[in-house]
Amino acid sequence: MRRWLGGDVAFKIGTGVFAALIVVIVAGIGVELWRQSMLSIQKFGLGFWVGDVWDPVSGEFGARAFIWGTLYSSVLALLLAAPISLGIAIFLSELCPARLRMPLTFLTELLAAIPSIVYGLWGVFVLVPVVRSLEQSMPAALRGLPLFSGPAVGVGMLAAVLILAIMVIPFASSVAREVLKAVPGSQREAAYALGATRWEAIRAALFYARTGIIGSLILGFGRALGETMAVTMVIGNNPQISPSLFAPGYTMSAVLANEFTEAADNLYLAALIEIGLVLFAITLMVNTASRLLIWSMNRPVRAPRAARIPAAPAPVGGAA
Amino acid sequence: MNHDAIRRWKSTIVVWLCGLSVLVALVPLAFILFFVVSQGVQALNWDFFTKLPAPVGEPGGGFANAIVGTLMLVGIGAAFAVPIGVISGVYIAEFPATKLATMARFAADTLNGVPSIVVGVFVYGIAVMPFQQFSAIAGGIALGIMMIPIVTRTTEELLKLVPPALREGALALGATRGWATMTVVLPAAAPGIITGVVLALARIAGETAPLLFTAFNNRFMSVSPTQPIASLTVQVYTYAISPYEDWHRQAWAGALVLVSLVLSCSLLARFATRRLERLQTGH
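Listed in order, the protein sequences are those of chains A and B. At position 67 of the first sequence (counting the first as 1) the number is 67 in my numbering, and the numbers step up by one without a gap. At position 250 of the second sequence (counting the first as 1) the number is 1250 in my numbering, and the numbers step up by one without a gap.
These aren't lab readings, by the way, just hints derived from the structure by calculation. All C-beta atoms, glycine included, are put in the ideal place defined by N, C-alpha and C. Warning: the hint list may mix true and false statements.
Stated by the list, open to error - Here are the simulated DSS-like cross-link-like pairs (lysine-lysine), alpha carbons at most 27 Å apart as the crow flies: (1) B:Lys1099 with B:Lys1160; (2) B:Lys1099 with A:Lys12; (3) A:Lys12 with B:Lys1160.
Said to hold, decoys possible - Just some of the chain B residues that point at chain A, by a computed CB distance under 8 Å: (4) Leu1017; (5) Val1118; (6) Thr1152; (7) Val1259.
If we strip away everything but chain A, and leave its shape as in the complex, we get (with noise of 0.2 Å):
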């Protein structure tokens, strides 16, 4: 009777207990930022989403500013890093030769294995001083436009993009890559059989994976919106909403990492957890959108190693 009934029923609910406990986890830190901001939430109300001081001395707290530091180094950060990550899934995935295609994929997901810490060490002392010179020798034409104005400092929101970029690279690309492999074959050689150039025939491929790709290059902004430790060694870390590349700036990862464990008073301890409440907000509704358009490609994109593990007899075009 145990091995029967007792023993079927008891390893589903002993093994759904640990399955309950990852739901549990991701609703316990909502709920948890969420309590612990109350402070803060109940002080400041909406104003704390557009008061522009941050001033812990008078206990005034307005989040603006990183706000605005975390969006536009992501979206600048995504668009530079939107077509290259394209290109690299659609060679690796279409163009490449067989024989390049294991060790390439190998070294660009390497990018996505190196740790943060060693991402901003390199910012630091080799990036920022490229960056630098790179601002001094801007002709003075340039300089003027808004884009480019302030002194030419190197630590700044250009920095920060630059780094940020490299590290959305990896993960966009190698999902995209996954989506277009999930595009049937028929689809190009539609396209040949039509008397497409390559390109055409790639690009009614990209078409028919538009939704995927899409959520790829969300599914990368989101990684740019949480990365913490390479931004807060490069981009200045000074709260101030400008457009300007060269300008300091200061994201809501980088103002927790620095002025957490200096928080002396509750108020100001809860106006920073808010602000990591409104960040697992953020990325939550972004991870959400992209893996639902990534879904409705109704394909597992999201298991590269299985795709790599063919168990049946491979299909056509797999990577075997």
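Based on the hints, put chain B in the right spot on chain A.
What follows is chain B alone, placed relative to chain A:
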């Protein structure tokens, strides 16, 4: 030039641009690896692994406490993340149509996308604030939370790849479902799951943000789970933003150790998966 020639030119240009974008991505990779290796090798010596940090202003010293700390933090994290990840992965793979499985899969993907610094804030609230004390346990919990979704999804994917005949054989011999899964299906997928766990370990060993206000830092050797503890990543961060030349050198050495760790784990995993592929496809 006629229309077709323009189309062919366009195609050629796009093909080259795509190849170029791969190069554009590999240039920073090469630069980062070059600087980490060339700067790191100069500072890496025996002291790095055996000595404690020297007092501020004095040259020398090492990262011994940070290496021990990282091992301990990763150990604590893995101790609870691996069982939770594997068992929840078993549930999702075994009962994929249930509501709970859908929710758990979604939660795991969500957790994977939660910024690591937010996990740090969360753990500060549940494991630091109540005790008024930064601790190795809190740091381990933060790393473990980061690790769970990776292990869960890897387990799920690999269990799905095990040939159904294996399970059917076990069931035909009279095993219960749970018994068949735990003693036949799971062991068949074990090499792949272990590979996934190794990759997850490498990833969380490189995390800094969730440790800043959970494990904090410690200039001394500590193995107490209830005390603040040093880690490679946080120490590299502290040294990198310090004004001392000698500390910058040591930060590069720390980065080299971190990168070699990640690189060797990735290569190992790559090698293991390829062998696994060969075993499964029978080549």
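Okay, the hints, checked on the actual structure:
For the proposed pair lysine 1099 of chain B and lysine 1160 of chain B, the alpha carbon gap of about 18 Å is at most 27 Å, so the pair holds. This hinted pair checks out: lysine 1099 of chain B and lysine 12 of chain A have alpha carbons roughly 13 Å apart, not beyond 27 Å. Of the supplied pair hints, the one linking lysine 12 of chain A and lysine 1160 of chain B holds, its CA atoms being roughly 17 Å apart against a limit of 27 Å. Here the hint on leucine 1017 of chain B is kept, as its CB sits about 6 Å from the closest CB of chain A, short of 8 Å.
For the restraint placing valine 1118 of chain B at the interface with chain A, the shortest Cβ-Cβ distance is roughly 5 Å, inside the 8 Å limit, so the hint holds. Among the interface hints, the one on threonine 1152 of chain B holds; its C-beta lies about 7 Å from the nearest C-beta in chain A, closer than the 8 Å criterion. Taking 8 Å as the C-beta contact cut-off toward chain A, the hint placing valine 1259 of chain B at the interface holds, the least distance being around 6 Å.
The structure meets every hint from the earlier list without exception.
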